[in-house]
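Chain S is fixed; fit chain A onto it per the hints.
For the protein sequence lines, the chains are S and A, in the order given.
To convert, note that position 53 of the first sequence is 53 in our numbering; the numbers rise steadily by one, no gaps.
To convert, take the position in the second sequence, counting from 1, and add 1000; that gives our numbering.
In case anyone wonders, no lab produced these hints; they're calculated from the structure.
Yeah, the Cβ is synthetic: ideal placement off N, Cα and C, and Gly gets one too.
Careful, some of the hints might be misleading.
Derived CB-CB ranges, DEER-like [to be verified]: (1) A:His1041 <-> S:Arg72: 20 to 28 Å; (2) S:Lys69 <-> A:Ser1070: 39 to 47 Å; (3) S:Glu39 <-> A:Thr1086: 41 to 49 Å; (4) S:Phe111 <-> A:Gly1063: 39 to 47 Å; (5) A:Gly1017 <-> S:Arg72: 39 to 47 Å.
Partial selection, computed: residues in chain A whose CB lies under 10 Å from chain S [unchecked claim]: (6) Gln1006; (7) Asp1059; (8) Gly1108.
Pairs of lysine-lysine, DSSO-like flavour, derived with a Cα cap of 30 Å [claimed, not checked]: (9) S:Lys3 <-> A:Lys1065; (10) S:Lys42 <-> S:Lys57; (11) S:Lys3 <-> S:Lys57; (12) S:Lys71 <-> A:Lys1057; (13) S:Lys42 <-> A:Lys1018; (14) S:Lys68 <-> A:Lys1057; (15) A:Lys1011 <-> S:Lys42; (16) S:Lys42 <-> S:Lys3; (17) A:Lys1057 <-> S:Lys3; (18) A:Lys1057 <-> S:Lys42.
Letter by letter, the chains look like this.
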Amino acid sequence: GEKVEQHESTLSVREGDSAVINCTYTDTASSYFPWYKQEAGKGLHFVIDIRSNVDRKQSQRLIVLLDKKAKRFSLHITATQPEDSAIYFCAARNNYAQGLTFGLGTRVSVFP
Amino acid sequence: EAAVTQSPRNKVAVTGGKVTLSCNQTNNHNNMYWYRQDTGHGLRLIHYSYGAGSTEKGDIPDGYKASRPSQENFSLILELATPSQTSVYFCASGDALGGEDTQYFGPGTRLLVL
Chain S
1 GEKVEQHEST LSVREGDSAV INCTYTDTAS SYFPWYKQEA GKGLHFVIDI RSNVDRKQSQ
61 RLIVLLDKKA KRFSLHITAT QPEDSAIYFC AARNNYAQGL TFGLGTRVSV FP
Chain A
1001 EAAVTQSPRN KVAVTGGKVT LSCNQTNNHN NMYWYRQDTG HGLRLIHYSY GAGSTEKGDI
1061 PDGYKASRPS QENFSLILEL ATPSQTSVYF CASGDALGGE DTQYFGPGTR LLVL
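So that you can see chain S by itself, here it is in the shape it has in the complex (with noise of 0.2 Å):
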């Protein structure tokens, strides 16, 4: 089955710097690639997705970038912000699956 790995495990940026996490997966199969945010003791929140009919989405200060050569994509975070700061993980979903695979998350603190 699908496996991604989640590069980093832990992310220390200064407020207004980006912040860059880096995904691969496995599946050639694999065509929707969600991220999602959590912070302390709450579920998961939807922030970004990217289809692979594209290799770049934005969403406001969140850019996604896919490489599906390499079955790569990854999470820039632009202009940190204090509420940035949070666990994010990356996923990813063939077609023929139903459910998401995860990566393990990033810890993501922005200092001042």
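Chain A alone, transformed into the frame defined by chain S:
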């Protein structure tokens, strides 16, 4: 955004006891999911459902049953709880559009099995 609620939020159970975790969604999504979150494993899919009356096995179904009595409600049942089932359980709902759906998660249930 979809509203997904879970109850209870925290539960302490004894080994061998029966535990039922409940999930309710109010956005009329067809699909619902149960995941567990453990350190070192991330989130893993236990069971899911396409709609009322449907339950399907996910990646780690052993020791769990599920029930979908209505569009809004999806329960996870541990008939004989074991300490290895101590975890945080998340319910999610979504609608498959072209095979790719956005899943919306509830706040989680923290289960401790003693």
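Hint by hint, where does the structure go against what was stated? Just the numbers, ascending.
Those not satisfied come down to hint 3.
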